[in-house]
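Visitor: Below, each chain spelled out in residue letters.
There are 2 protein chains.
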Amino acid sequence: MGAPAVDRLEFRGEVTAADINAIRRLVAATGLFNREEIAVAEGLVGERLAKGPASGYEFVIAQREGVMVGYACFGPVAGTQASYDLYWIVAAPQFQRMGIGRRLLGEVERRIAAAGGRRIYAETSGREQYAPTRAFYQRMGFRQEAVLPDFFAPGDDKVIFVKLLRSESRAT
Amino acid sequence: MGAPAVDRLEFRGEVTAADINAIRRLVAATGLFNREEIAVAEGLVGERLAKGPASGYEFVIAQREGVMVGYACFGPVAGTQASYDLYWIVAAPQFQRMGIGRRLLGEVERRIAAAGGRRIYAETSGREQYAPTRAFYQRMGFRQEAVLPDFFAPGDDKVIFVKLLRSESRAT
Numbered sequence: 019m020g021a022p023a024v025d026r027l028e029f030r031g032e033v034t035a036a037d038i039n040a041i042r043r044l045v046a047a048t049g050l051f052n053r054e055e056i057a058v059a060e061g062l063v064g065e066r067l068a069k070g071p072a073s074g075y076e077f078v079i080a081q082r083e084g085v086m087v088g089y090a091c092f093g094p095v096a097g098t099q100a101s102y103d104l105y106w107i108v109a110a111p112q113f114q115r116m117g118i119g120r121r122l123l124g125e126v127e128r129r130i131a132a133a134g135g136r137r138i139y140a141e142t143s144g145r146e147q148y149a150p151t152r153a154f155y156q157r158m159g160f161r162q163e164a165v166l167p168d169f170f171a172p173g174d175d176k177v178i179f180v181k182l183l184r185s186e187s188r189a190t
Numbered sequence: 019m020g021a022p023a024v025d026r027l028e029f030r031g032e033v034t035a036a037d038i039n040a041i042r043r044l045v046a047a048t049g050l051f052n053r054e055e056i057a058v059a060e061g062l063v064g065e066r067l068a069k070g071p072a073s074g075y076e077f078v079i080a081q082r083e084g085v086m087v088g089y090a091c092f093g094p095v096a097g098t099q100a101s102y103d104l105y106w107i108v109a110a111p112q113f114q115r116m117g118i119g120r121r122l123l124g125e126v127e128r129r130i131a132a133a134g135g136r137r138i139y140a141e142t143s144g145r146e147q148y149a150p151t152r153a154f155y156q157r158m159g160f161r162q163e164a165v166l167p168d169f170f171a172p173g174d175d176k177v178i179f180v181k182l183l184r185s186e187s188r189a190t
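Protein chains in written order, with this note's numbering: chain A, 19 to 190; chain B, 19 to 190.
Chain A extracted, bound-state conformation:
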């Protein structure tokens, strides 16, 4: 909170082949994810590049002076009327606590609402090292919707958050 907000932040929704490496480095740099998880993050960019919107994966890239400093990946949940999954939201470690996550999420919400989405689900782990992640979702207006005990491994629960988007957006 004490750190200043990052200025000159720009967002884009298109991904390119060059983003694969940048996203892998960004996810790895957080120290929160193992090799398998990093490969999943990278794989989603590949899916998007190969299949376009039919992949079901949408991206928002945050960059500053041309360098990627964060990204989010989300998409509609097949078979639902208006539910979206937020698969990834990551800020570069050197820019954490500077509002990039909040602004990325705002951009994601704007795009989901524009596409008719009403609910955003985010899943994370109940382990201690994910306490900042869970606190982030709660600060951002998500509520804890369910816990699946031992889902990931014994003692490692899945925690499901949801945020309801307002049906009409207003200037605030």
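Hints listed in this document are in silico derivations from the structure and should not be mistaken for laboratory results.
Among the clues, some could well be false.
Heads up, the list lumps identical chains together, so a pair's fine if it works in one copy or across two of them.
Claimed, not checked - Keeping only pairs whose Cα atoms sit at most 20 Å apart, straight-line, the calculated EDC-like set for lysine to aspartate or glutamate is: (1) K181 to E83; (2) K69 to E54; (3) K181 to D103; (4) K69 to E141; (5) K181 to D168; (6) K181 to E125; (7) K69 to E83; (8) K69 to E32; (9) K69 to E28; (10) K69 to D168; (11) K69 to D37.
Using the hints, position chain B against chain A.
Guide: Same frame as chain A, now just chain B:
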């Protein structure tokens, strides 16, 4: 319960291109799934044929005298130690209430346990028309683990079931 059990039931784990049509017909015949859901069921067979085990989708086909009378699709949940998702389990309408679902599930459990899996998750809808599906899971030893209100649509909740497999299987 009054109907006799189906005899001469055989199971196989390999799918072929010919199964795509048979599975589409089977899923459509239940009357429980819309066009989008039927396309998803069909698509998973295509994924399996294209990518093999790397697809993450395993199948068990139940057949009688060479004709498919039911099938299940399941797979490991990426990023978990020993959790599996049961994506589909379907019996042909003319063979329902004759134990095909129970025997299919037994076959699925046997294969998951052999692969080191310990937990099986099954998701369904909270709507009235899915009451028999929810009752089936409960009869089969699943417990209701979580409910996500309005997940599919307003008034249409997602209900998550889980079944824990025993660490050692015994003859019973």
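Visitor: Next step is simple, just say for each hint if it's right about the structure.
Guide: Here's how the hints hold up against the structure:
no.	hint	verdict
1	K181 to E83	neither (31 Å within a copy, 51 Å between copies)
2	K69 to E54	between (22 Å within a copy, 18 Å between copies)
3	K181 to D103	within (10 Å within a copy, 25 Å between copies)
4	K69 to E141	neither (25 Å within a copy, 27 Å between copies)
5	K181 to D168	between (24 Å within a copy, 12 Å between copies)
6	K181 to E125	within (14 Å within a copy, 39 Å between copies)
7	K69 to E83	neither (29 Å within a copy, 40 Å between copies)
8	K69 to E32	within (13 Å within a copy, 27 Å between copies)
9	K69 to E28	neither (25 Å within a copy, 38 Å between copies)
10	K69 to D168	neither (34 Å within a copy, 29 Å between copies)
11	K69 to D37	within (16 Å within a copy, 25 Å between copies)
This entry does not satisfy hints 1, 4, 7, 9, 10, going by the numbered hints stated previously.
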